[in-house]
Structures are given as C-alpha cells and as structure tokens.
Amino acid sequence: MDFFLELFVNGLLTGVLYALIALGLVLIYKASSVLNLAVGEMALLASFVVALAANFGAPSWLAILAGVVVMVVFGYFVERLAFRPLIGQPVISLIMATVGIALFLRGIYFILSNKWPVYLVDLGLPVDSLHLGPVSLLSSSVVGGLVALLLFGLVGYIYARTRTGLALRAVSDNQTVALSLGISIDHLWAVVWIGAGLVALVSGIVWGQRIGVQFGIAILGLKGLPVVFLGGLDSMAGALLAGIFIGVAENVVAGYLDPLIGGGTKEFLPFFIMLIALWVRPYGFFGREIIERV
Amino acid sequence: MIYRETGVHHTTYRTDMALFRVPLARWSVAGLLVVAVVIPFFATDYWFSAILIPFLTFTIATLGLNLMTGYAGQVSLGHAAFIAVGGYTATILLIYDVPFLAAVVLGGLVAALVGLVFGIPSARIKGLYLAMATLAAQFVLPWAISRVVPLVVPTGLAVAGGDTVYPPRPNLFGLEIDSLFERYFVSLAILVVMTVFAMNLVRTRVGRAWVAIRDHDVAAKILGVNITHYKLLAFAIGSFYAGVSGALMVFFYYGVAHVGEFNLDLSLKLLGAIIIGGLGSIIGSFFGTAFIILLPIFLNISLTFLGNAAGFQVSSGTIAGIENIVFGALVVVLLIVEPLGLAKFWQNVKDYFRLWPFSY
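First to last, the protein sequences are chains A and B. Per the working numbering: the first sequence ends with 562, consecutive numbering throughout. Per the working numbering: the second sequence ends with 443, consecutive numbering throughout.
Hints are computed from structural coordinates only; laboratory data are not their basis. One should not assume that every hint holds.
[Said to hold, decoys possible] Derived, one-sided and incomplete: chain B residues facing chain A with beta-carbon distance under 8 Å: (1) 219; (2) 289; (3) 290; (4) 406.
[To be verified] Footprint (simulated), chain B over chain A, 3 or more residues, beta carbon under 8 Å: (5) 444-455; (6) 542-550.
Because the structure is a prediction, the values reported are computed rather than measured. A virtual CB, placed ideally from N, CA and C, is assigned to each residue, including glycine.
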C-alpha cells in the first residue's frame, strides 16, 4: 500500500506538470486552432536561456526576466512571421509549420548548448526531500506543482474575468463573428503566442529543476499531446484533469509493470491511452464536438 | 515529365489514356532511366552509401506517405513506425529462409495490416485527431517491436537487448545481393515498379476518390464515395510502401534492423520531405527525398569549406544545429510561399516552356 501511495502521489505531481505543458497547447488551440508541436522545444529554449543567464552569474530574478524577454519576443515574431501568413491553410500545413519551428528551435539549442553547456536551472530553490508519512517527495517537485496550479488559476482568471479573456472566448467560439464585432484577431494571436511562450517558460524552469536542462525537455513536450487529446483540445479544466490522470496512470502502471516487462512503460502508455481515447471518445473529456456542414 | 504538346493529336483512346501522352514525355522519362542506369558506373562508394541507395529506398517511403497524405489527405505522423514494421518483418522472414522478394512483399503486407489497424479511427475522426492516432503508432509500435522481436528471433542473431537484428545476406534467384552496385540496381528496379504503380493508381477510381476525400470528405460522401473504405485503403497502401521501403532500408542501407533509427524524427523528416517536394505529386516525392538527403551533405561540405576559408573549425554539433535551423526555416517559408512545394516550381517551369517560343 505504501508503494502504491508513493507512486500515486508522485504521479499526481508529474501529472500536474504534464498539465502545465498541455496548458500551453490549449491556449494556442483555443484561439487559433493550431496544434503547437513545438511546445517542448519552446520549454527547452526557455529553460536553457534561464539556466544560461543564471550560469553567467545573473541573480534569479534577472535570469527569469531574460527568459520572459526571450519568450515574448519569440512569441510575437512566430505569430507575425509564420502563422499570420498561414491563415486559412489546411491543418497539415499548420502542424508542419509548428514542426518547422520545433526543428528551428532545436537547431538553435544545439548550437548554443554546444558552445555553453549548461545543465541545471539554479534558482536557489530547496533541493531536499519532503517526508509526508510513508511518502517521500522532492521538494522542488512540490514547488513546481504548486506553481503549475497557480498558473492554471491565473490563466483561468484571465479567461473568465478580463476583457482580453472575453475576446479570446469570443474568438474560440466563432472567429468570423468575433471579427465582425471588431475584435482584432492578429492582436489576440500575438497575445496567445506570447502567453504560450510564458507558460513554456514556467514549465521549462519547473521541468529543468526536475530532470535538468537537456534535450529530454523537448521530448516531454510530446507528452502534452495525449493530455490535451484526452482532456479535450479546447478545455483547460480537461487539460488539468487529463494531465493528472495520465501522470498517475503512467506512474502507477510503470511501477508495477516495468519489473515484469523490462521498462519503457512510461514512454508508450500515455500514447496508448490517447489511442483508446481517440477510438472511444474522440473529443476527450470536455472537448467541443465538431459538427460539420457542407 | 517534360511536355511539348504542339502538334500531338490523339486519334485513339489508347494513346489518349497512356501514362505518358506526349512523345517528348516518354523520351525524357527514358532518358532519366538511362541516367539512373549509367550513374552507378561512375559513382564512388561514398555516393552509393550516402546518396544513391538512401535516395532510392527513402523515395519509396515518401511515395507511400504522399499517396496517404498528399492524395488521400490522411496525415500520418507515424510513417517511420510502419517502416520499422516492414523492415523487421522482412528481416525475420529472411532469417527463416523466405526468398528475398517474398520477404520484401510480405514485409510490406504486414506493415499494411498494421497501418490498417491504426487507420481504423479514421472512420470516426479526421485531420488533427487522426494525425494523433498515427502519432500514437509512432510510440506504441517501436515499443511493441522491441518486446516482440526478441521472442521470434533465434538467440544469437539479435544483439543489444534483442531489438537490433542483423539480416542474413539476401539473394535473388540464387544470386547474392552484396555489393553496393547490386544493391543499387535491385532497389532501383523495385522503386520503378512502385512508382509506375503509384502513377497509375492516382488516375484510377481509387486515386480520384482519394482526392475527393482530401478536398472535402463530406461532399465526397454525398457523391457516393465510400469514404471509410477509401481512407482505410489509403492507410493500407501508404503503409505497404512504407513496409517495402523499410525492408530495403534494412537490407541495403542500414544493413541492420535497429528500432532506434525509425523514430519520430524520421517520420517528421519524411513529412517535411513531401511538403517541400510537393503534396499530391508523385515527382514531388522524388524532389523532397532528394532534398532531405542532399541538404545535410551540402551544408556539411559548404560549412566546412567556409570554416576553413575563414580559418576556424566548424564543429559537427554546430553543423547539426544549422542543419536543423535551415530545414525548419525552409519548411515554414515554403509553406507560406509555395504550399505545393518544389513540384509546383517544376510545373511552373514546364508551363512556361510548354508552348515556347511561340506562346500564342
């Protein structure tokens, strides 16, 4: 039972962090129907910039500020240069454009990390273990999980209470009507890309604390995909729920199954769950069903 | 290929429906084949192993992906997984003394079957959602392969945990296919057959149904096209091509079946290739494959040269980085500037010269 509890709680924390990656995907999808496959690379770049700045002796706040600046600039230019000209193109073009951006960022990361190898985001967070009864946790994971929940709350608040959030909801409801009511879609897209960049920054820092600043963060971005498809592509609550579900499922199943079949469960299980979800319930927990007219 | 239609009049249905309707087109294709046959007599070993053989084997894969994605509109992010299935199946069959050609075809068929299974969701979902189902294939299949293969491969032939298998030397009707020269011609022959099949397929009922589904599936359904049937067919045929190319890659290019080679990067690279080459175009698959194979070589040579000229060493990590940057940027730029890819540029050139010099 203790073993199960430990797997469960650790899965819960991992799941919240998966949900954080998924949040970046949902933000962009809601506003522009683009599935951003570069989400992992964005997190990688962000965490690398922060780690690099910290490594050069910048204090924590300055390092994070550097990350913010890079991600804001990145988000703005990606929207301006790549996605605005692609309005109205088929879905494969949009996916491939994000793949192109992912490769682009990967290349930048390779060159920079070749020159300045940095492996850790050192922001002076506690690194010891917490003991809650039978369960032991890394305190950096707990902090990361709390930050993730906070971010969810913040984005939820922006969506529900602010003027920009209202415009975002209008656009995701019906783009044409939103345009005719005088909402500037170009402006909103820039906002969501910058927002996604900042979410990537947070998830990059949190994951960088957890597994180190390395290429694995880019791979983690792919784990966000099963989460958003299970939760529903345009639902933030779905992302949180599905993230926790997948985090717990992979951790618990891997804990019991890995010794029997020799590892690798964590790599394939989320995608297996996604496959089942796509068969049984294509629009996820809370996703909006697409009804088509000719 | 090249068309100069002036003065060509078709008086029978037979000539009107031929694959190449204009004499010049026939001649240019024949000329291309002659070039393909002559090249290996001048090629060095490096050319064979770095350019020619990968080009031939990868083109079969991009052809299949283009049929599936470019013609039928079913985006696949898991093509490399189907390639792996074909490659491993053929390798295992060859170990159990199945003749070479039969092993290649069966590899393709098993891949087609697996592709069909992952295509089943296409009955309900499409676009982005379907792309994710194929992405799941990319993660589930290699995992399954690395678990299943050690069980069926006789011990001693598999290394590194059991999912790396060396195929025995294939032989064709008693002749061992060993030298680069022989590998080239066997691959070339198979590629030509697959290309002719694809060219004909896209102008039959099947190809037209695919294009109708790609352009508007609901409208196609209303017109009486059985869209589930044709979508599944697209998955089966696309995966069959992937399987055959996988078998050839393992036998002739990699020389070993290693599941790590068939990762998501390869899938995305192939998808990038057909986008750069041209979606919904047979010749675009050739252009795209040539592009993804030649770009790293070109960058490597030119950057090393530039580095030497400027007097510093360009590290291989930097070159790999620049390669990614150039490839990624080109994909985005091409999507914006010319969504139909290099094939469209080629088409524009041809259109310009079609009636040249008298464009009346």
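Structure-based check of all given hints:
A distance limit of 8 Å between C-beta atoms decides the matter here; for residue 219/B the minimum to chain A is near 4 Å, and the interface restraint holds. This hint is violated: residue 289/B has a C-beta 21 Å from the nearest C-beta of chain A, more than the 8 Å allowed. Hint status for residue 290/B relative to chain A: violated, with the closest Cβ pair at about 19 Å, above 8 Å. Of the supplied interface hints, the one on residue 406/B holds, with its beta-carbon coming within about 7 Å of a beta-carbon of chain A, less than 8 Å.
With 0 residues having a beta carbon nearer than 8 Å to a beta carbon of chain B, the stretch 444-455 of chain A misses the requirement of three or more and the stated coverage is violated. With a cut-off of 8 Å between beta carbons, the stretch 542-550 of chain A has 5 residues touching chain B; three or more are needed, and the interface restraint holds.
Going through the hint list in order, the structure does not satisfy hints 2, 3, 5.
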